[in-house]
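Just so you know, the sequences run in chain order A and B.
The first sequence begins at 1276 in my numbering and counts up one residue at a time.
The second sequence begins at 5 in my numbering and counts up one residue at a time.
Just to be clear, a hint being listed does not mean it is correct.
Claimed, not checked - Computed list of lysine-lysine pairs in BS3-like fashion (alpha-carbon distance at most 27 Å, straight line):
(1) LYS470/B - LYS422/B
(2) LYS133/B - LYS200/B
(3) LYS1381/A - LYS310/B
(4) LYS481/B - LYS1284/A
(5) LYS1308/A - LYS1404/A
(6) LYS449/B - LYS481/B
(7) LYS1404/A - LYS1284/A
(8) LYS422/B - LYS1384/A
(9) LYS422/B - LYS1381/A
(10) LYS1384/A - LYS1401/A
(11) LYS310/B - LYS1384/A
(12) LYS470/B - LYS481/B
(13) LYS1512/A - LYS310/B
(14) LYS1404/A - LYS1381/A
(15) LYS481/B - LYS1308/A
(16) LYS1512/A - LYS449/B
(17) LYS1384/A - LYS1284/A
(18) LYS1401/A - LYS1308/A
(19) LYS1401/A - LYS1284/A
(20) LYS1308/A - LYS470/B
(21) LYS380/B - LYS310/B
(22) LYS1512/A - LYS1384/A
(23) LYS380/B - LYS271/B
As the list claims (entries may be wrong) - Label pairs and their computed distance ranges (CB to CB):
(24) LEU1446/A - ASP460/B: 30 to 38 Å
(25) GLY1352/A - ALA254/B: 52 to 60 Å
(26) GLU1445/A - THR41/B: 22 to 30 Å
(27) LYS422/B - ARG1387/A: 15 to 23 Å
Said to hold, decoys possible - Some chain B residues judged to face chain A by a derived CB distance under 10 Å, without partners named:
(28) ALA46
(29) ARG84
(30) ARG85
(31) LEU467
Derived from the structure by calculation, the hints contain no laboratory data.
Glycine included, C-beta positions come from ideal geometry on N, C-alpha and C.
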Amino acid sequence: MSNPAIAAKPRVALFITCLGDQFFPQVGECVVKILRRLGVEVTFDPRQTCCGQPAFNTGYRQEAREVATRVLDLFEGADYVVAPSGSCTSMMRVYYPELFHGEAEKLAKVERLRTRLFEFSEFLVKVLKVEDLGASFPHRVAYHDSCHLLRELQIEEEPRRLLRAVRDVELVEPQDNQLCCGFGGTFSVKFPEVSVAMGEDKLRAAAAAGAEYLVANDSGCLMHLAGLIHRQGLPLKTLHLAEVLASQG
Amino acid sequence: MSEHGVDSNQIRELGRQALGDAHLQEAYRSSTLRLYTHRLAAVSEVPGFERLRERARELKREVMDHLDFYLAQFAENVERRGGIVHWAESAEEARSIVGEIARRAGASEVVKAKTMVSEEIELNPALEKAGIRPFETDLGEFILQLSGERPAHIVAPAIHMTRHDVSDLFVHNLHSQPTEVPEQLTAIARRALREKFASAGMGLSGANFAVAETGTVVVIENEGNIRFCTTAPRVHVALIGIEKLIPRLADLAVFLRLLGRSGTGQKLTVYTSLLTGPRRPGEDGPEEMHVVLIDNGRIATLADEKMREALYCIRCGACLNTCPVYRKIGGHAYGWVYSGPIGALVTPQLTGIQNARELPFASSLCGACRDVCPVKINIPDLLLHLRSEAQERAPAPTPSGAALGERTTIRLWAWAMKRPWAYSLGSRLARWGQRLLARGGWIRKIPMYPASGWTDGRDLPALARKTFRERWTEIEKQ
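Generate the whole structure from the sequences, applying the supplied hints.
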């Protein structure tokens, strides 16, 4: 299954993300399982916490810089850094350069991080060059493009390719599939009425397409959508892509 | 209304009201979807549309980087063609310039084309106060003048109204027969307006573009009313925000291909008028042509290296039609003249961050707006910049139900995030605390902000019994 072109055993430092650590540890376990099966050595530095995005997106740049500086130092030595989140990856790849604007030494570290940093599905398809992970998932699945993954990182095809290779899965594309789900970080609590209304549209479209599962690569979207589904008692389930890819049917 | 009639800090409450109005929701849903779909179809027909967007962006950047030069060139060329140039630093100055031109022209009635900058400077009430009657001649603006509302959209000002609403309004104000046939509604407005084009002593327009090279004012439209306003009355006044400049006439080819397609999905609008000076001997047109170049906060935006990009905007409205937040809360929730993603950038700039500090936060930062912007303004990036400006210069009051102010909360959070032991301790305390709240892995209600904002509309998954880091020693051994 692993790509023979990558001869030496690649070493991946896992950036679990704070939401992943606290709410969805099983997603991290699936990521580790999948990467190990592909011959990757996975390390986890327990000193890691958050990428700083909540502070950055709420306009508190100084606090965001303080938290982000730690991330730069923690991952200096790793071959690759992989995060199961489009949003955290885009924070580090796209917004760290802006956050550390004018700080040459930090920017050099940011550059070193950026060349080795990958979102999980991107790492599988672009670096390890695998699509078929031998998974089986006999369900009807709608893939939800999380906005940062899609529009900040332009990762659109990779997760779909991985899903298409899963045995017995039926992939459906709901209407307006690339519309935001309404999570938006602190937006979800600052403008809860709008956030919820946007989420409801998303769920309605997924149900209309006959999806049993909504699959995404971002814990934030999944938390928001799962919370809505649970509150409203809808016949839909959510999963992280890694959970589907680790599934054996 | 709050200071200067800017209600932008009420966006959450105004948005909530809009969400509760099913009729309004349907009006916004169907209209934005139509404009959005038409744009998609029109854009897909143009090979190299991406290249056009980049070219337009380069041109706008060129103008903004040398605005002093292009403004001087434009003014010189307007005067060379016999036009009269006025400079207005503020809304007040612009209003008094227009009033003075009307007074000198002896105009007691003014026919108006749709112009957002006239809404921005709140021209109509000022004209009325001076005894001059403004008549809005764009169908959407005509409707709004009757209903006494602000534009709900940059391009389609009455987007929030259905045919039924318009029929009711006409019956009530113009004593017409009720009808929901668009052509009949248009005919009613046309009858009310037609004679005004002939009798009004002055016509007023905005500008979509102002060509520096030739001193030409370019206006585009579908109804023909702008052509009337700018040619039939004896005096024509064009109100022009100084960001409307483009360098050369040839550049118009780039912008016209983008504007119609991005705005309404049209290759070109029905009319494109290029107005260069007043009429020359043997021609039709106004005897006098005035251009009023309006700053009203734009120079300050220009001086802000980051926000300067917002001045590239050509007011196509595509970002509104594509924005999932605008589609839900509508234009009036933004509390001023400009709405949607671009309104969230422009309003704090033009009215002061303290008057619109909530706008940059009213976005999920999904970036759909950036994807459709014909001049590729990095809207999410600018919103993020404004968020930090808002926190620096106009911090929000502590939200109700919050134990601590937001900045204090974030400082505490950052303090813990820098200390893995504090992070882990906080996590353990939270898990201990949630035993009282969680049922079957879910939390239904947390009374304290910000968590209350979450649980008002959805459930919160309980924190995992064991975090990933706590499981790691085991995972590592496997």
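How the hints compare with the structure:
Restraint check: the Cα-Cα separation between LYS470/B and LYS422/B comes to about 21 Å, which is no more than 27 Å; the hinted pair holds. Restraint check for LYS133/B and LYS200/B: the C-alpha separation of about 20 Å stays at or below 27 Å, so the hint holds. At most 27 Å may separate the alpha-carbon atoms for a hinted pair to count; LYS1381/A and LYS310/B meet this at roughly 21 Å. A threshold of 27 Å between alpha carbons decides the hint, and for LYS481/B with LYS1284/A the separation of about 18 Å falls inside it, so the pair holds.
Using a Cα cut-off of 27 Å, the hinted pair LYS1308/A and LYS1404/A holds, with the two alpha carbons roughly 17 Å apart. Straight-line distance between C-alpha atoms of LYS449/B and LYS481/B comes to about 38 Å, which puts the hinted pair past the 27 Å bound. For a cut-off of 27 Å, the pair hint linking LYS1404/A to LYS1284/A stands: about 14 Å separates their Cα positions. For the hint linking LYS422/B to LYS1384/A, the alpha-carbon distance of about 18 Å falls within 27 Å, and the restraint holds.
Proximity of LYS422/B to LYS1381/A is assessed by CA-CA distance (about 17 Å); at most 27 Å being required, the pair is judged to hold. As the CA atoms of LYS1384/A and LYS1401/A are separated by approximately 23 Å, the hinted pair is consistent with the 27 Å bound. Distance restraint check for LYS310/B and LYS1384/A: the Cα-Cα separation of roughly 24 Å lies within the 27 Å cut-off, and the hinted pair is therefore satisfied. At most 27 Å may separate the alpha-carbon atoms for a hinted pair to count; LYS470/B and LYS481/B meet this at roughly 17 Å.
Taking the CA atoms of LYS1512/A and LYS310/B, the gap is about 42 Å. The hint is violated against a cut of 27 Å. A distance of roughly 31 Å separates the Cα atoms of LYS1404/A and LYS1381/A; the hinted pair therefore is violated under the 27 Å criterion. Of the supplied pair hints, the one linking LYS481/B and LYS1308/A holds, its CA atoms being roughly 12 Å apart against a limit of 27 Å. With a C-alpha separation of about 21 Å, the suggested pair LYS1512/A and LYS449/B falls inside the 27 Å cut-off, and the hint holds.
Our distance criterion of 27 Å between C-alpha atoms is met by LYS1384/A and LYS1284/A, whose separation comes to about 24 Å. Our distance criterion of 27 Å between C-alpha atoms is met by LYS1401/A and LYS1308/A, whose separation comes to about 19 Å. In summary, the hint linking LYS1401/A to LYS1284/A is supported, as the alpha carbons are separated by about 16 Å, within the 27 Å threshold. With a C-alpha separation of about 18 Å, the suggested pair LYS1308/A and LYS470/B falls inside the 27 Å cut-off, and the hint holds.
For the suggested pair LYS380/B and LYS310/B, the alpha carbons sit about 14 Å apart, so the restraint of at most 27 Å is met. Distance hint between LYS1512/A and LYS1384/A is unfulfilled; the C-alpha atoms sit about 40 Å from each other, more than 27 Å. Straight-line distance between C-alpha atoms of LYS380/B and LYS271/B comes to about 19 Å, which keeps the hinted pair within the 27 Å bound. Distance hint check for LEU1446/A and ASP460/B: the Cβ-Cβ separation is about 34 Å, which falls inside the suggested range of 30 to 38 Å.
A C-beta distance of roughly 55 Å is found between GLY1352/A and ALA254/B, which places it inside the suggested range of 52 to 60 Å. The hinted window of 22 to 30 Å between GLU1445/A and THR41/B holds, with their beta carbons roughly 27 Å apart. In this structure the hint that LYS422/B and ARG1387/A lie 15 to 23 Å apart at CB holds, the actual value being about 21 Å. The criterion of a C-beta within 10 Å of any C-beta in chain A is not met by ALA46/B, whose closest approach is roughly 19 Å, and the hint is violated.
Taking 10 Å as the C-beta contact cut-off toward chain A, the hint placing ARG84/B at the interface is violated, the least distance being around 44 Å. Hint on ARG85/B is violated. Least Cβ distance to chain A is approximately 45 Å, over the 10 Å limit. The interface hint given for LEU467/B is met, as the beta carbon of that residue sits about 5 Å from the closest beta carbon of chain A, less than 10 Å.
Hint violations for this structure: numbers 6, 13, 14, 22, 28, 29 and 30, all remaining hints satisfied.
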